[in-house]
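S.K.: Numbering (our numbering), first residue to last: 11 to 402.
Check the hints yourself; a few may be wrong.
[Unchecked claim] Quick list of in silico lysine to any residue cross-link-like pairs, SDA-like style, CA-CA up to 25 Å:
| # | residue 1 | residue 2 |
| --- | --- | --- |
| 1 | Lys308 | His339 |
| 2 | Lys164 | Ser187 |
| 3 | Lys179 | Glu255 |
| 4 | Lys179 | Ser342 |
| 5 | Lys287 | Met297 |
| 6 | Lys179 | Gly112 |
| 7 | Lys308 | Lys287 |
[Said to hold, decoys possible] If you anchor each label on the Cβ, the simulated ranges turn out as follows:
| # | residue 1 | residue 2 | range |
| --- | --- | --- | --- |
| 8 | Lys308 | Val196 | 27 to 33 Å |
| 9 | Gly202 | Val237 | 47 to 53 Å |
| 10 | Asp281 | Gly355 | 18 to 24 Å |
In short, the hints are calculated from the structure, not lab data. Positions of the beta carbon are idealized from the N, C-alpha and C atoms, including for glycine.
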Amino acid sequence: MYFITSFSIRAYDQDNLQNPRYAASQGAKALLLSVCAVILLAFVFQASEDFPRAVMALGALTGTILIVSARYAFVRNMTSIIGGNPFTVMLLRDGQAPVPDGDFSQVVETGDRFDPDLHDPIMYDRLARLVASADRVVVACPPERRIAWASALKGTGVQSEIFVPELSKLAPLGISSCANTPTMIVTVGPLGLFDRFLKRLFDIAVSGLALFLLAPVLGIIAVAVKVTSPGPILFRQVRIGWGNEMFHILKFRSMYVEGSDGAGNRSASRDDDRITKVGRFIRMTSMDELPQIINVLKGDMSIVGPRPHALGSRAAEKLFWEVDGRYWHRHSVKPGLTGLAQVRGFRGATVIEDDLRNRLQADLEYLEHWSIWRDLRIVLQTFQVLLHRNAY
Numbered sequence: 011m012y013f014i015t016s017f018s019i020r021a022y023d024q025d026n027l028q029n030p031r032y033a034a035s036q037g038a039k040a041l042l043l044s045v046c047a048v049i050l051l052a053f054v055f056q057a058s059e060d061f062p063r064a065v066m067a068l069g070a071l072t073g074t075i076l077i078v079s080a081r082y083a084f085v086r087n088m089t090s091i092i093g094g095n096p097f098t099v100m101l102l103r104d105g106q107a108p109v110p111d112g113d114f115s116q117v118v119e120t121g122d123r124f125d126p127d128l129h130d131p132i133m134y135d136r137l138a139r140l141v142a143s144a145d146r147v148v149v150a151c152p153p154e155r156r157i158a159w160a161s162a163l164k165g166t167g168v169q170s171e172i173f174v175p176e177l178s179k180l181a182p183l184g185i186s187s188c189a190n191t192p193t194m195i196v197t198v199g200p201l202g203l204f205d206r207f208l209k210r211l212f213d214i215a216v217s218g219l220a221l222f223l224l225a226p227v228l229g230i231i232a233v234a235v236k237v238t239s240p241g242p243i244l245f246r247q248v249r250i251g252w253g254n255e256m257f258h259i260l261k262f263r264s265m266y267v268e269g270s271d272g273a274g275n276r277s278a279s280r281d282d283d284r285i286t287k288v289g290r291f292i293r294m295t296s297m298d299e300l301p302q303i304i305n306v307l308k309g310d311m312s313i314v315g316p317r318p319h320a321l322g323s324r325a326a327e328k329l330f331w332e333v334d335g336r337y338w339h340r341h342s343v344k345p346g347l348t349g350l351a352q353v354r355g356f357r358g359a360t361v362i363e364d365d366l367r368n369r370l371q372a373d374l375e376y377l378e379h380w381s382i383w384r385d386l387r388i389v390l391q392t393f394q395v396l397l398h399r400n401a402y
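Can you build the whole structure from these sequences, using the hints too?
M.R.: Below is the structure:
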């Protein structure tokens, strides 16, 4: 049973036997599935009463320890003895094509001896003998010869791959098809349908409760803004939102009307003379952001997510997307009232490029490891950073 489950989860595939810890975890996983299968069979065939549970539990525990230890030691020793990858990885280089990074067991310049365009049985035999001892073959060739190499290698019975340098920028997730034509999946969105539903439910619950509890505070701030400075109570600004679509964000106006910057070309500074007295207080306490609760209820924003930026936002005199091409990836979820970058202290003016990169890295980490529990943790952590030295 153990070997059946091991092969079913590909625990003996070469990719799963290159890292000692992963190899050990796959062994434990296979054993756990085996135990579950045995228990199920015992129940189906009504053998559970005669089944010694203590022996089963002891055997499972002992087996787990032995299998995990054995697989970990085997892969680790095999890697250290051989040095690097324990499997034979061969690189075939056709011409002056760029090659991938990595350690290869053997590098072969194909030259005229291996020309996949010839469809010559002698050449195919020569190629088969060359790659027969390899566990994996990687071909680096000009774009116009990729199809020929793919055709030539499909009959060798060896795992073969074509190196395509452009893929590092496309970062595909897999292969799909459209009308029987292969397509490349570049994104599926970080959240599935159920996760989006759960996140929206969380947003409505938290924002609705916050609006109810903070209504008196919102009223006091609105009166203070109106009385101390002529102009509207709320400030509306175009920001980049979910799916790179633009929306109008709401904030309590904290600047004099004549100093307001609708495009966001000039970030607020510590001693900015455009900020009113009330504005300085509500910015320092982040209370100027409270009207965004309405944005959350409307569905433009989420309670937690990457903070939305103005179109003119800059870091070191460069627009944000000019600093890092991954900037647009952060918009695959709704922007948030708070976020992972904010609770880590990455807020305030973006004076140098690293100010943006730190925030972007946190945003991308949030997308990759999203969970509703992490959203809850970020909300709780936000209360600890409401008063921040970079809030002005």
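S.K.: Now tell me, hint by hint, if it's right for this structure.
M.R.: Each hint, compared with the structure:
| no. | hint | verdict |
| --- | --- | --- |
| 1 | Lys308 / His339 | 23 Å, holds |
| 2 | Lys164 / Ser187 | 20 Å, holds |
| 3 | Lys179 / Glu255 | 23 Å, holds |
| 4 | Lys179 / Ser342 | 18 Å, holds |
| 5 | Lys287 / Met297 | 14 Å, holds |
| 6 | Lys179 / Gly112 | 18 Å, holds |
| 7 | Lys308 / Lys287 | 30 Å, violated |
| 8 | Lys308 / Val196: 27 to 33 Å | 29 Å, holds |
| 9 | Gly202 / Val237: 47 to 53 Å | 48 Å, holds |
| 10 | Asp281 / Gly355: 18 to 24 Å | 21 Å, holds |
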